[in-house]
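**Q** The primary structure of each chain is shown beneath.
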Amino acid sequence: MTTAAAKSRMPLDPALLLVVPAAAFMLLLFVYPFLYGLLLSFNPKEGNWLANYRFFFTTDNEWPTIWTTLKLALPATLINVGFALPIAYKMRVKSRYQRWITTILVVPITLGTVLIAEGMLIYFGPKGWLSQALQFLHLYDGPIRLTHNYWGVLISLVISGFPFAFLLILSYITGIDPVLARAAATLGAGPKSQFRHIYLPLLAPGLAMCFCLAFVQAFSVFPSAILLGSPAGPTRVISIAAYEAAFEQYDYALASAIAMIMGLVQLIIVAAVLALRNVFYRGPVAGGKG
Amino acid sequence: MAAARQDLHAWFDGAWRGLLLGLMTLFVVNIGLMIGAVATSSFARRWLGTWLPEGWTTTWYTAAWKEFQLDSVLWVTVEVVFAVVFLALLIGVPAAYTLARRSFPGKRLLMLLFLLPLMVPPITYGIPLATVLYKLQLAGTIYGVIIANLIPAAPFVILVMTPFIEQIDPNLESAARVFGASTGRMFWHILVPLLGPGILAASLLVLVRTIALFELTFLTAGPDSQTLVVALYYAVFAAGVRAPQSVDAMAMVYMAVTLVWLLIALRFVNPTQLVSRVKEHPQPVV
Chain A
1 MTTAAAKSRM
11 PLDPALLLVV
21 PAAAFMLLLF
31 VYPFLYGLLL
41 SFNPKEGNWL
51 ANYRFFFTTD
61 NEWPTIWTTL
71 KLALPATLIN
81 VGFALPIAYK
91 MRVKSRYQRW
101 ITTILVVPIT
111 LGTVLIAEGM
121 LIYFGPKGWL
131 SQALQFLHLY
141 DGPIRLTHNY
151 WGVLISLVIS
161 GFPFAFLLIL
171 SYITGIDPVL
181 ARAAATLGAG
191 PKSQFRHIYL
201 PLLAPGLAMC
211 FCLAFVQAFS
221 VFPSAILLGS
231 PAGPTRVISI
241 AAYEAAFEQY
251 DYALASAIAM
261 IMGLVQLIIV
271 AAVLALRNVF
281 YRGPVAGGKG
Chain B
1 MAAARQDLHA
11 WFDGAWRGLL
21 LGLMTLFVVN
31 IGLMIGAVAT
41 SSFARRWLGT
51 WLPEGWTTTW
61 YTAAWKEFQL
71 DSVLWVTVEV
81 VFAVVFLALL
91 IGVPAAYTLA
101 RRSFPGKRLL
111 MLLFLLPLMV
121 PPITYGIPLA
131 TVLYKLQLAG
141 TIYGVIIANL
151 IPAAPFVILV
161 MTPFIEQIDP
171 NLESAARVFG
181 ASTGRMFWHI
191 LVPLLGPGIL
201 AASLLVLVRT
211 IALFELTFLT
221 AGPDSQTLVV
231 ALYYAVFAAG
241 VRAPQSVDAM
251 AMVYMAVTLV
261 WLLIALRFVN
271 PTQLVSRVKE
281 HPQPVV
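Protein chains in written order, with my numbering: chain A, 1 to 290; chain B, 1 to 286.
Hints listed in this document are in silico derivations from the structure and should not be mistaken for laboratory results.
Keep in mind that the hints are not guaranteed to be accurate.
What the hints assert, rightly or not - Chain B residues, not near chain A, derived (Cβ > 10 Å throughout):
1. 17
2. 102
3. 124
4. 237
As the list claims (entries may be wrong) - Stretch-level coverage of chain A by chain B, calculated; a stretch enters the list once three of its residues show a Cβ under 8 Å from a Cβ in chain B:
5. 55-61
6. 111-122
What the hints assert, rightly or not - Here are the simulated BS3-like cross-link-like pairs (lysine-lysine), alpha carbons at most 30 Å apart as the crow flies:
7. A:127 - A:71
8. A:45 - B:66
9. A:127 - B:66
10. A:192 - A:90
11. A:192 - A:127
Backbone N, C-alpha and C fix where the C-beta goes; we use that ideal spot for every residue, glycine too.
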């Protein structure tokens, strides 16, 4: 614990000790395994220290997994955040329906990716209610191909990701003091310009955060890519590649290397979003006299 | 001219509102039907290409209960979830307190350390973590699963609790200090009662998240330490082997378990107050 010497130099605030267990836990079980994996990835089974990374970037069914994953994760995140923002903006005002609608929109969070996959397999399946209804109404007679391909995975990412994005944006929006918008309204701003000039700038940090968190979820898509996609082909996402390396080939070094690449791509996207946010709006987020 | 433009604006506003409402309805209706399809299938005697099955039965539930050993799976799930909630609160709440009240060198770095696990895909740290846990012979045991689930849960508690603690008047703590309370006494007698609602909210949210968290449990669980969501994944994955209806019955059990807890959570937590607490104003502008 704290030594007497340290205490005599500067009185140590005992409250600081409260953060020690959490910090120690994270260092031990998050940072240490991460560094261990990083080192392991440079110790391949055979070849020099870069062999795992060279293997990943030169093998034909490995490196395209990055694009496969991005092609799923970016549209899914854009759809989720893009629709969550206007709907959450509508729901910011307290009303009788607000709590009901938010509850209904949030409930799909509990479904989880596995249940959504099972539901979609039945509902969108060849004998499912959707294709029956379309045939019954003579809208479309052909088979619906919404499972076992790209679209199935994308739809499942929207179903599981939208409630989360909505909940997060809603709590950011309702955290903005309505007095600011009211002040703008007394100066003649309609709902649209209130949104553009008051809410959007204040929301920028929250939106960036929400985009990052929603993207993490979509980027690490795993169960739905296997159950709803075609894991051998168009939806062989990077997490499948990492999983196969670890638990089918038992090559932990290669798996760690793929996991590190995955983390790196994720961090690049996060950095890009944060940079974009700075371009989009730079200035004080709290109200003040400029 | 101005009137025409106003008309156009009004029309555009109406169309936009209609579009949003339509999308919301489409989303909710389709999800409802999707769940309905699973529910119907789980009670179906035989269901092949008709609107509704030919007959109804509950045998799939007893079959699923036996086939998938749901009693032991549910017990493992309960153990894991409650251990994770308890431990996450135990290490998360004190840390959140310090982060909310004190400023010290390295605070930003510490915040980053707590934010990173939520910003990195679970598979990225799950695979190295599983490797380390295998080395320690903890992988495949329930302890390994609990440890793995704590990694996103503890930071989540910190993130939710910090704003809650920030809004508690520090003068109450100063008053307790004046009367000579130690940090520990003040924590138990002043903060914990005031934090009650926040702790309840955080624990329920962690609980719901942990039940649904798939990847980390999947990577670290062994045959005896599967939680419900992982068992469900294996059931769906090996679909051809078993009757689809019993898989659906299991899916319904899973949904019932999560839904009950979510509804309890929503009873105590207003979803809009997850990240920051709102000042209530009497008359919002419409």
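**Q** All hints, please: hold or fail.
**A** So, going through the hints one by one against the coordinates:
1. 17: At about 8 Å from chain A, residue 17 of chain B fails to clear the 10 Å cut-off, so the statement is violated.
2. 102: 6 Å, violated
3. 124: 4 Å, violated
4. 237: The claim is violated: residue 237 of chain B sits with its nearest Cβ about 7 Å from chain A, within 10 Å.
5. 55-61: With 0 residues closer than 8 Å to chain B, the segment 55-61 of chain A misses the three-residue bar; violated.
6. 111-122: With 12 residues closer than 8 Å to chain B, the segment 111-122 of chain A meets the three-residue bar; holds.
7. A:127 - A:71: 29 Å, holds
8. A:45 - B:66: 43 Å, violated
9. A:127 - B:66: 28 Å, holds
10. A:192 - A:90: 11 Å, holds
11. A:192 - A:127: Roughly 45 Å separates the two Cα atoms, so the pair is violated.
Hint compliance for this structure: hints 1, 2, 3, 4, 5, 8, 11 are not met, and every other hint is.
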